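Participant: Per full-length UniProt numbering, the very first residue in the sequence shown carries number 1; after that it's consecutive.
Rather than coming from a laboratory, the hints here were simulated on the basis of the structure. Some hints here could point you the wrong way.
Stated by the list, open to error - Taking lysine-lysine and the BS3-like style, the derived pairs with C-alpha atoms no more than 30 Å apart in a straight line are:
#1 211 - 136
#2 136 - 224
#3 224 - 131
#4 224 - 245
#5 131 - 211
#6 224 - 317
#7 317 - 245
#8 317 - 136
No experiment lies behind these values; they were computed from the predicted model shown.
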Amino acid sequence: MTEHTKIPLPTGTDGATAAEGAPDSATLIERVVRNYDLVKLAPAPIPENLIPPAKQRRRYRKAHEVEDAEVSPVADAPSASPPPPPAAAQPVQERPEVVVPEVLQDAPAPVPAVAEQPALPAAQPVQFTGKRHPVKRAHLREQGLIVPEGSVTGLLEEFRIVKRTLLLNASQLRQQGMGYESQRVLICSPHPGEGKSFTSVNLALAIAAEKECEVLLVDADFAKPSILSMLGLPGGPGLMDALAKPDIDVADCVIGTDIPGLWVLPAGNATTSDTEWLSHTRAREVLDRLVMGAPNRFVIFDSPPALAASPAAELAKYVGQAVVVARADRTGQGALEDAISLLSACPNIQLLLNAVHFSPSGRRFGSYYGYGG
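With these hints in hand, go ahead and build the complete structure from the sequences.
Facilitator: Pasting the structure below:
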């Protein structure tokens with residue numbers, strides 16, 4: 001080990017060697033500064049004329065504070081003169097209060113009392129009150145139509161599927177904001193003899209079996225009406241009479257049946273201006289009255305063939321759905337395209353294929369319920 005007492009001590013600032021054994025109370029940094037004269041390395045002071053005024057004031061303030069702290073007061077020193085008393089506050093003259101004259105506003109003119117108008121009554125639902133006529137079930141069976149209260153047949157099952165699709169579409173159209181048109185459907189075909197009236201009657205009988213809605217079957221084939229004869233009902237004024245004569249209420253022309261939920265509107269007197277009456281401004285008012293206040297009422301129009309008479313295209317403006325009936329062994333593609341083009345005023349056109357005797361899937365409705373035909 002090295003003995004620390006034998007290490008030579010550095011010389012002082014005057015070059016003399018420190019006495020041996022004499023303790024040096026200076027710190028290591030102080031001795032380095034003293035021996036190597038590091039004071040010479042300090043930066044030169046900044047001339048007074050180069051110091052900004054703000055810094056000069058701050059520097060003077062600091063120096064003044066240091067002097068006050070280091071210099072102790074001398075007993076014989078004359079006491080500093082006390083600061084002069086603050087000047088007495090001069091009384092502030094109050095500004096004369098300015099009196100603003102109150103401006104009197106004219107009193108509002110009395111509002112004459114207005115008699116409270118009674119609220120307009122809501123549209124009353126149109127109820128059909130026509131006499132109910134019996135529909136012979138045997139007559140329906142002879143024509144191959146659905147027989148109410150009868151057994152479940154393949155024909156009934158087919159039209160159950162068709163009606164369910166139409167009712168679902170009607171509900172969706174109503175949710176989309178469509179008005180009375182959502183409750184009306186047009187049954188049409190390109191040519192006569194393709195099964196449009198057969199489809200209209202069976203569809204009406206199927207919808208009448210619903211528990212929460214009723215159906216109005218409208219014979220709109222004004223030139224060759226057939227709905228009344230198919231159901232065995234008597235004739236009378238109908239839709240065309242209500243369109244041509246404003247004093248006739250279309251609701252009074254509706255015929256009731258003994259089939260719950262089934263109503264029928266005849267075509268009315270024949271005219272050569274059926275298309276013009278359907279395009280009349282009163283036509284929408286008359287047709288809206290058929291469903292006014294009755295959201296659960298479904299209206300089916302059995303229209304003339306689209307390629308044989310023009311009323312079908314006019315009726316398409318007032319319905320939310322149209323069903324084009326095509327016969328499997330007769331209707332051509334060109335006829336279908338032309339018919340659909342004429343019915344383009346309807347936003348939802350569907351195709352129903354009639355008289356099909358072959359199903360690739362082997363579907364045969366009715367046999368599950370014990371009916372094999």
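Participant: Next step is simple, just say for each hint if it's right about the structure.
Facilitator: Structure-based check of all given hints:
| no. | hint | result |
| --- | --- | --- |
| 1 | 211 - 136 | holds, 22 Å |
| 2 | 136 - 224 | holds, 22 Å |
| 3 | 224 - 131 | holds, 24 Å |
| 4 | 224 - 245 | holds, 21 Å |
| 5 | 131 - 211 | holds, 22 Å |
| 6 | 224 - 317 | holds, 21 Å |
| 7 | 317 - 245 | holds, 21 Å |
| 8 | 317 - 136 | violated, 34 Å |
The structure fails to meet hint 8 from the earlier list, while all remaining hints are met.
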